[in-house]
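Novice: Protein sequences, first through last, are from chains V and A.
Counting with this note's numbering, you get residues 1 to 165 for the letters of the first sequence.
Counting with this note's numbering, you get residues 166 to 346 for the letters of the second sequence.
You can take every hint at face value.
Some chain V residues judged to face chain A by a derived CB distance under 10 Å, without partners named: (1) A17; (2) A38; (3) A39; (4) A47; (5) L49; (6) R51; (7) G52; (8) R65; (9) E157.
In short, the hints are calculated from the structure, not lab data.
Nothing here was measured: the structure is a model prediction, and the numbers come from that model.
No residue lacks a Cβ here, since even glycine has one placed at the ideal position from N, Cα and C.
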Amino acid sequence: MTDLCGLLEDRMPDVAAGRAAWTAEERAHLAGCAECGAAWEVVRRAAALGRGVEARYDAGRVAARVGAALRAPAPTRRRGAWIALAAAAAVAVVLFRGDLPRPGAAPGVADVRLLPELDSLTTEELALLSDELQAPLGETGIVETPGLEELDTTQLERVIRSLEG
Amino acid sequence: MAAPSLPTASDPELVAAWQRGDERAATELVRRHAPALARFLYSGGSATEDLDDLVQETFLRAFRRLATWRGETAFHSWLFAIAANLRKDLWRRRRGPVVLPLEGHDAPGLATPDREFEADETEERLRQALATLPRLQREVFLRRVQLGEDYAAIAAALGTTPGAARVHYHHAVQRLKERVR
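My request is simple: use the sequences and hints to build the entire structure.
Specialist: What follows is the structure, given as structure tokens:
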């Protein structure tokens, strides 16, 4: 690959879009360099890819759907759902940590376990989770919370991930 | 000074209007950018069946998080980044890209049956090849080739450096050459 090959490759999108044109020297190189010719073919085709989709896309219909969704009340994150998530996280901690001493662990050394699924929670959600975990499980009302069938897909996936570790 | 009419207003003006409560501004932003967004998703290998949902979810997410758009990148560029993230999540849930052949499928959001824009075999091979590129290579390549963004703009949108964006573009071209031949 020569310097000219690299230069041409960089310029291909602009030429394909009509924002630039090949010089005579570049055109001659393209005609004689198989690699550049193949690259130009890929870029030229990619530049035209999906134009029919764009031209025929019914933006008005999607705009109506977006408008309706925006006017609908924003979904509120129910406290019960997060309590259920807290319960799942607590179960995961208990399941994977156990209370057995770890071989080689010095007595009194804290056994810190990080749950990657908590990374996706907001500060507010983490605070709620923390509050619930600090209370004795019997006082959190977990048993009275709505069932898992009331969680949305994202929340259910988080619960599943927490149980899978 | 009178506010510009919606069709001639700039994206930042429409965003500001939406934040003041003008629903028509949101509609105008969708009308303005949804077709290109659908093309970007389609070109990158999204199934036609998924286009409507991905486009809609992109705008919903954008409107709900407008406060996080600081204007360092163009509004449409920010939208494309959101769309790419949503597609990444969708493919992760499905354990990979699903590029369906066009024949026999209606394309939601398209005003005419997909038979009228049926792609030739090369176009399908190119879509398949793009779908299987590493994510950054695909996003950089499509932004460079279809949106005409320069490496600095691409780097700003994708959180990388212009030099790295150029390398991603080069690798994408090399891989596509091999897979489309």
